[in-house]
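Visitor: Read off the chains here:
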Amino acid sequence: MPGGTAVGQAPPPSVTPASGQAGAEMYIPLPQGAVHRLGRGWTTVVACSPEGDTLAIGTSLGIELRKTRDLELRGFLPNQASVVLALALTRDGRLLAGGVR
Amino acid sequence: MIRVWELNTGEEIASLNHGRRVVSVAFDPTGSLIASGAGDKTIKLWDARAGKEFLTLEDCRDGYIENQGFPVTFNKDGQIVATGSEDGRVKLWDCQTGDLLKSLEAHDSAVLSLLFDPSGQRLLSRSEDGQVKLWNSSSGEVIFSLHMSGFLRPRSVLV
Numbered sequence: 000m001p002g003g004t005a006v007g008q009a010p011p012p013s014v015t016p017a018s019g020q021a022g023a024e025m026y027i028p029l030p031q032g033a034v035h036r037l038g039r040g041w042t043t044v045v046a047c048s049p050e051g052d053t054l055a056i057g058t059s060l061g062i063e064l065r066k067t068r069d070l071e072l073r074g075f076l077p078n079q080a081s082v083v084l085a086l087a088l089t090r091d092g093r094l095l096a097g098g099v100r
Numbered sequence: 000m001i002r003v004w005e006l007n008t009g010e011e012i013a014s015l016n017h018g019r020r021v022v023s024v025a026f027d028p029t030g031s032l033i034a035s036g037a038g039d040k041t042i043k044l045w046d047a048r049a050g051k052e053f054l055t056l057e058d059c060r061d062g063y064i065e066n067q068g069f070p071v072t073f074n075k076d077g078q079i080v081a082t083g084s085e086d087g088r089v090k091l092w093d094c095q096t097g098d099l100l101k102s103l104e105a106h107d108s109a110v111l112s113l114l115f116d117p118s119g120q121r122l123l124s125r126s127e128d129g130q131v132k133l134w135n136s137s138s139g140e141v142i143f144s145l146h147m148s149g150f151l152r153p154r155s156v157l158v
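Heads up: the protein sequence lines correspond to chains A and B, in order. As numbered in numbering that gives the first Met the number 0, residues 0 to 100 make up the first sequence, in order. As numbered in numbering that gives the first Met the number 0, residues 0 to 158 make up the second sequence, in order.
Simulated from the structure, these hints should not be mistaken for laboratory data. You may find that some hints are simply not true.
In silico DSBU-like pairs for lysine-lysine, Cα to Cα no more than 35 Å straight-line [unchecked claim]: (1) A/Lys-66 <-> B/Lys-75; (2) B/Lys-51 <-> A/Lys-66; (3) B/Lys-75 <-> B/Lys-51; (4) B/Lys-51 <-> B/Lys-101; (5) B/Lys-40 <-> B/Lys-75; (6) B/Lys-101 <-> B/Lys-75.
With these hints in hand, go ahead and build the complete structure from the sequences.
Guide: Now the structure itself:
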């Protein structure tokens with residue numbers, strides 16, 4: 000996927016990265032030393048692709064897909080009333096499997 | 000339930016019915032097989048794209064660790080799947096036939112992590128009580144073992 004094609008549906012407005020504008024989610028400062036907060040809602044599971052380039056973060060709202068290099072949000076798969084308990088990615092980065100409750 | 004997505008399109012290409020509480024999923028190295036462990040205390044192997052189950056591993060019901068599930072991992076060529084048990088055993092299975100190839104009395108407590116090294120010859124296991132062992136996966140011999148308890152207890156392993 001050269002350039003990182005957008006995946007799936009765009010994040011719903013409530014999970015768009017906070018822009019600091021009115022209506023943005025409540026901001027909780029990062030602990031000392033942390034560089035980024037990933038996942039919205041509560042996070043249940045994190046998995047990395049075997050090649051290390053993609054990060055999948057399972058949360059109560061859905062699955063975030065990010066590039067490991069810059070943590071840029073590459074896609075978002077919204078939850079459909081099921082919490083993700085396990086995640087796996089294929090070596091070629093083409094498939095994602097999620098085990099749900 | 001296991002859901003499988005094509006990441007290029009975001010399309011859900013398969014939905015595999017393994018009941019409730021699917022606590023572990025793993026792809027084989029080619030991305031064609033999925034192993035899953037669930038609350039029904041079974042481990043199943045699936046054809047990822049066709050969305051079809053082709054094997055249930057028998058004799059693994061003792062493995063299920065409540066809310067932590069089975070560690071499950073494929074070897075390099077996808078011929079062998081290794082599973083960990085609550086009773087400390089590590090089992091190696093033939094992915095084609097479902098035959099139990101080897102059962103190692105690996106640990107004194109639940110096996111929480113399991114992975115093959117990139118060569119596929121060695122297997123790394125971690126138990127709840129903080130033991131980490133590296134195995135020769137064909138002979139079943141321990142190559143290396145360490146034990147750190149209490150706060151120093153390892154929480155995850157990589158090879």
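Visitor: Would you mind marking each hint as holding or not holding in the structure?
Guide: Hint-by-hint comparison with the structure:
1. A/Lys-66 <-> B/Lys-75: holds, 25 Å
2. B/Lys-51 <-> A/Lys-66: holds, 30 Å
3. B/Lys-75 <-> B/Lys-51: holds, 22 Å
4. B/Lys-51 <-> B/Lys-101: holds, 26 Å
5. B/Lys-40 <-> B/Lys-75: Holds: B/Lys-40 and B/Lys-75 sit about 25 Å apart, inside 35 Å.
6. B/Lys-101 <-> B/Lys-75: holds, 17 Å
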